[in-house]
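Student: In case you want the letters, here they are:
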Amino acid sequence: MMNNNLPSNMLPVMMGLFLSACVTINIYFPAAAAEKAADKIIEEVWQLDREKKDE
Amino acid sequence: MVSRFYSVLLFMALMLAPLTGQAQEANLEINTPAIANIKQSMQNRHTQLVQYYTSGAVGLTQDGMVTMRDANAVPLAQRQAVNTLVAAENQDRAALYREIARANNHPEWESKIRATFGQRWTNLARPGWWYQAGGAWKQK
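Protein sequence lines, in the order shown, are assigned to chains U and V.
Under the working numbering, the first sequence has 52 at position 52, and the numbering climbs by one with no breaks.
Under the working numbering, the second sequence has 103 at position 103, and the numbering climbs by one with no breaks.
What the hints contain is simulated information worked out from the structure, not anything from laboratory work.
There could be a bad hint or two in this list.
Stated by the list, open to error - The calculated lysine-lysine pairs, modelled on PhoX-like cross-linking and capped at a C-alpha distance of 25 Å, are:
#	chain 1	residue 1	chain 2	residue 2
1	U	Lys-36	V	Lys-39
2	V	Lys-39	V	Lys-140
3	U	Lys-40	V	Lys-39
4	U	Lys-40	V	Lys-112
5	U	Lys-36	V	Lys-112
6	U	Lys-40	V	Lys-140
7	V	Lys-112	V	Lys-138
8	V	Lys-140	U	Lys-36
9	V	Lys-39	V	Lys-112
10	V	Lys-140	V	Lys-112
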């Protein structure tokens with residue numbers, strides 16, 4: 001038989017690494033880009049530029 | 001036996017998969033027909049809603065929505081109309097957050113996008129408008 005032990009021991013470790021890698025998705029949420037996108041949409045919906053010019 | 005080895009390889013490949021999420025950093029995609037439609041609908045509604053932001057009848061919630069804050073600031077006859085406006089606005093806002101997440105191929109970002117908008121609506125609100133912060137109402 002081949003070294004059957006190693007992979008079965010490794011599986012929980014692998015699972016752990018996989019799950020922690022999934023968490024990094026959240027870390028990589030592009031917060032700055034999201035703010036920029038939000039500002040752009042809000043300025044359009046509330047027409048903030050136009051209001052400023054009116055003042 | 002040998003297949004065990006391949007299953008480990010598969011796990012390692014899966015581990016790397018989430019890292020590809022890093023690639024798209026610079027800008028969020030917001031120029032889709034669905035988002036443009038929602039934006040237009042909200043912009044049209046804003047001309048009606050703005051008076052209620054100013055009077056304090058309607059306020060901005062922390063989770064990126066709007067709500068009837070002070071019904072007494074609205075004449076009884078108009079109250080139903082304002083409730084309808086608020087409900088329609090919230091429907092559009094929820095759809096907006098969902099569509100932005102979907103347009104960027106990360107549906108799971110919806111709640112973070114909502115939270116980001118929650119902050120930005122408040123930040124950009126005009127003086128006198130009401131917003132929720134830590135469970136309490138505050139005025140800009």
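Student: Would you mind marking each hint as holding or not holding in the structure?
Tutor: Do the hints match the structure? See the list:
no., hint, result
1, U:Lys-36 - V:Lys-39, "holds (16 Å)"
2, V:Lys-39 - V:Lys-140, "holds (24 Å)"
3, U:Lys-40 - V:Lys-39, "holds (11 Å)"
4, U:Lys-40 - V:Lys-112, "holds (17 Å)"
5, U:Lys-36 - V:Lys-112, "holds (14 Å)"
6, U:Lys-40 - V:Lys-140, "holds (20 Å)"
7, V:Lys-112 - V:Lys-138, "holds (23 Å)"
8, V:Lys-140 - U:Lys-36, "holds (21 Å)"
9, V:Lys-39 - V:Lys-112, "holds (19 Å)"
10, V:Lys-140 - V:Lys-112, "holds (24 Å)"
When the structure is compared with the earlier hints, no violation turns up for any of them.
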